[in-house]
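Since chain Z is already given, all that's left is putting chain P on it; use the hints.
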Amino acid sequence: MATANAHGFGQRYDLPVPLSLYLIGAGAAVVLSFVVAAVFLRTGSAEGSYPRLNLLRWRAGRALFSRQVGITLELLSVSVFLLVLVAGLIGTTNQVRNIAPVLVWVIWWVGIAYFSALAGNIWHLTNPWRILFSWAEALARRFDPEASLSMDLPYPRRLGVWPGVILFFAFAWLEIAFHDPARPSNIATMALVYSVITWSGMIVFGKDRWLYRGEVFTLVFGLLARFAPTEARTIGDACSDCPSCGSTPADSGLASSRPAGAGPSDCVNCYSCFEKAPPERRQINLRPFAVGLQRTDAVSLSMMAFVVLLLATVTFDGFTDTPTWASIVVGYYSTFGQLTGIATLGLLAFPLLFMALYLVTSAMMPLATGRRLPLLETAKPFVLSLVPIALAYHLAHYLTYLLTQGQLLVPLISDPFGFGWDLFGTADYSIDLNIVGARFAWYTAVTAIVVGHMVAVWLAHLTALRVFGNERAALRSQYPMLALMVGYTAISLWILAQPIVEAGIPG
Amino acid sequence: MNRTLFSPSPTSARLPALLPALLPALFLGGLLLGGAAHAQDAGDRVEALEQEVADLRSQLASVGVLIANRYLVAADFHAMDEALHQGEINPRYLTTVRETAAVVSALHWPTELQAITEGFLAAANDLAGALEAEDATAAAEAAAVVHDRQHELSHNIITSLANGHAGGGTEIPEGATRVVLELSERGGATGGAATHVVRRGETVAITVGTAATGELHLHGYDLEWDLEAGAEVTSVFEATSTGRYPLEFHPEGGGSGIAVGYLEVRP
Numbered sequence: 003m004a005t006a007n008a009h010g011f012g013q014r015y016d017l018p019v020p021l022s023l024y025l026i027g028a029g030a031a032v033v034l035s036f037v038v039a040a041v042f043l044r045t046g047s048a049e050g051s052y053p054r055l056n057l058l059r060w061r062a063g064r065a066l067f068s069r070q071v072g073i074t075l076e077l078l079s080v081s082v083f084l085l086v087l088v089a090g091l092i093g094t095t096n097q098v099r100n101i102a103p104v105l106v107w108v109i110w111w112v113g114i115a116y117f118s119a120l121a122g123n124i125w126h127l128t129n130p131w132r133i134l135f136s137w138a139e140a141l142a143r144r145f146d147p148e149a150s151l152s153m154d155l156p157y158p159r160r161l162g163v164w165p166g167v168i169l170f171f172a173f174a175w176l177e178i179a180f181h182d183p184a185r186p187s188n189i190a191t192m193a194l195v196y197s198v199i200t201w202s203g204m205i206v207f208g209k210d211r212w213l214y215r216g217e218v219f220t221l222v223f224g225l226l227a228r229f230a231p232t233e234a235r236t237i238g239d240a241c242s243d244c245p246s247c248g249s250t251p252a253d254s255g256l257a258s259s260r261p262a263g264a265g266p267s268d269c270v271n272c273y274s275c276f277e278k279a280p281p282e283r284r285q286i287n288l289r290p291f292a293v294g295l296q297r298t299d300a301v302s303l304s305m306m307a308f309v310v311l312l313l314a315t316v317t318f319d320g321f322t323d324t325p326t327w328a329s330i331v332v333g334y335y336s337t338f339g340q341l342t343g344i345a346t347l348g349l350l351a352f353p354l355l356f357m358a359l360y361l362v363t364s365a366m367m368p369l370a371t372g373r374r375l376p377l378l379e380t381a382k383p384f385v386l387s388l389v390p391i392a393l394a395y396h397l398a399h400y401l402t403y404l405l406t407q408g409q410l411l412v413p414l415i416s417d418p419f420g421f422g423w424d425l426f427g428t429a430d431y432s433i434d435l436n437i438v439g440a441r442f443a444w445y446t447a448v449t450a451i452v453v454g455h456m457v458a459v460w461l462a463h464l465t466a467l468r469v470f471g472n473e474r475a476a477l478r479s480q481y482p483m484l485a486l487m488v489g490y491t492a493i494s495l496w497i498l499a500q501p502i503v504e505a506g507i508p509g
Numbered sequence: 017m018n019r020t021l022f023s024p025s026p027t028s029a030r031l032p033a034l035l036p037a038l039l040p041a042l043f044l045g046g047l048l049l050g051g052a053a054h055a056q057d058a059g060d061r062v063e064a065l066e067q068e069v070a071d072l073r074s075q076l077a078s079v080g081v082l083i084a085n086r087y088l089v090a091a092d093f094h095a096m097d098e099a100l101h102q103g104e105i106n107p108r109y110l111t112t113v114r115e116t117a118a119v120v121s122a123l124h125w126p127t128e129l130q131a132i133t134e135g136f137l138a139a140a141n142d143l144a145g146a147l148e149a150e151d152a153t154a155a156a157e158a159a160a161v162v163h164d165r166q167h168e169l170s171h172n173i174i175t176s177l178a179n180g181h182a183g184g185g186t187e188i189p190e191g192a193t194r195v196v197l198e199l200s201e202r203g204g205a206t207g208g209a210a211t212h213v214v215r216r217g218e219t220v221a222i223t224v225g226t227a228a229t230g231e232l233h234l235h236g237y238d239l240e241w242d243l244e245a246g247a248e249v250t251s252v253f254e255a256t257s258t259g260r261y262p263l264e265f266h267p268e269g270g271g272s273g274i275a276v277g278y279l280e281v282r283p
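The listed protein sequences derive, respectively, from chains Z and P. Under this note's numbering, the first sequence is numbered contiguously, ending at residue 509. Under this note's numbering, the second sequence is numbered contiguously, ending at residue 283.
Heads up, none of these hints are tricks.
Partial chain Z-side listing against chain P, Cβ under 8 Å, derived: (1) Q13; (2) Y15; (3) D16; (4) L17; (5) L435; (6) N436; (7) G439; (8) A440; (9) R441; (10) P501; (11) I502; (12) E504.
Here are a few chain P residues that sit away from chain Z, every Cβ distance over 10 Å (derived from the structure): (13) E63; (14) L65; (15) R86; (16) G103; (17) P107; (18) V120; (19) H124; (20) A131; (21) E134; (22) D142; (23) T175; (24) E201; (25) A227; (26) E240; (27) D242; (28) G269.
I should point out that these hints are in silico values taken from the structure, not numbers from a laboratory. Cβ coordinates follow ideal geometry from the N, Cα and C atoms, glycine included.
Chain Z on its own, in the form it takes in the complex:
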């Protein structure tokens, strides 16, 4: 059983998407790509502005984003964090009788990703490592107003978000390749080790500086939240000396939250700025989906690597459920009796393959226009346009999983440690598998993938207009990118059309 789980925890019972839907999805992706491209040939504009609606204009909006709600969320989040640690350390080792695995792998890792992409950046408000460090700082200041918990050493610019890249790889390895990621005691150990890493980073470089460079979940959920229809905006040039986005804009995960060289401007989703700004300069805006992925001016090399790694691991995670993977690893499994080694290899190979394909595509873009541009000048800004494809696949892949396995929370809230308690009378609840039907899941999945693909094509065209200047060149430059995106979307659909099999289990 332990070797069977490609995911952190639990199982997906999704039926493969039927062939007809798969064909319709793939066909629609190809046709709509050209429709989007044709529309942009006529109406294209590199303008980065978009309609916004400030929620803080209304009493209800101010109430929703008030200090009280924030503190409640923080208390709740820290309680859940402590609950996971305690359940992991003293609770039962049975994965489905302990609340830690479902909280971490379903509610947090999948649930927060969904929320970040579809609603907004909730991780900043609920990040227990940030909250606990802030509380400790506030406490220290009580005794000595000058006290600082951080050494505030200068962060080496060249380090960029590489710490985040390495930590994300480690996390993905634990989720996908490690043989027992859902064991409650392993979860507690991971959380404790990560706490040490994160708080050390914060102590050495300062809380905010580390959050946007080495706190891998701030980077992941922040990236997904660029797709979300809400943003936290600080009006005016509030953050020239901001440790997160101001002083060295290109080295943090927030790079491109401010357009470079544009003079005094707003700053989006940088909470360091947001928290310091006076109330009249703060906005919580509703905005169209995906526009947060437009501002790609200052993506650093490390951030590009981070995005490619994220995309590749999402795809690899799905790939490990397919019969193809099962047939690849069957020999390895019969020799070694585990899959960790070959999954580690796959986890290394996929990002390298993705990066190679992406760099080749980036090299072909200026070639297609007959211009010369350094490779990274195209590779860096275009990388964010691929995010919607990965996101759509992720949402499609995990929809039923989240809705069915998430229900495990109901019985476990009454008996979080598996001690046989029944605190709220829900301990006997069993999962309702019919919460979503197979047809609903199929249509949602294929629609999400086609829409994600269109958004990606649209974003890439916006970026092309900015990078290549005129509409003709922009359009021509997008043929290689279009090919890459169609291929990527086809792979996502192909994985969804595969029957899920448990690799490494002798038949």
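Relative to the frame of chain Z, chain P by itself:
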């Protein structure tokens, strides 16, 4: 380094025209991959054959049980019991006991008769041991037990046959979709972990014949069956939820689970 990659080349002008042609090729590649994934229809035909085999096996099992009963009755444990209690050891007895035990243990018994069969075999073993040692007292004692067990077993065989259960242990409702699994000694499914397709709302009758002892678990539905080596279990349930659910065998005494099949419930 980047510069050299970008030296202008005469082919670069033709690239944009070539690239749209690449797209259909990519698309076709995707289609081929997907088509291969769906070439599972062959699996459905195999399933129909498996069902026929299961039906035949069920009939054969009834015949086997009847023959075994003839042996049990013909052995005349009643006479043996009485003679032994009077201290007579006939060398023929040992042969009779061994022969009967061999027939009983060779047969693939229906689930509801397994426990009682094993009881009979244990007693027969004791008796054979006592007869071999020419221990008249022990043999008399053992013969009484064998006699009792034989009666019990014969009675149960007749009841079981009368109820039409001898093929499995559970009555299979009309119109139920049969799913048949055969597990090897190591617990794997013979012929690999196949996908069994049913429609939502159907009644599923799953029959598992196994050469391994352990527990079979249908994920999602969370149904569990205790399996004993050499036995056959049939169970009936409603396919109420769509999805693809692994059937996993957990060998007795732990060890990692083995995927022995998948139940696909389609809408």
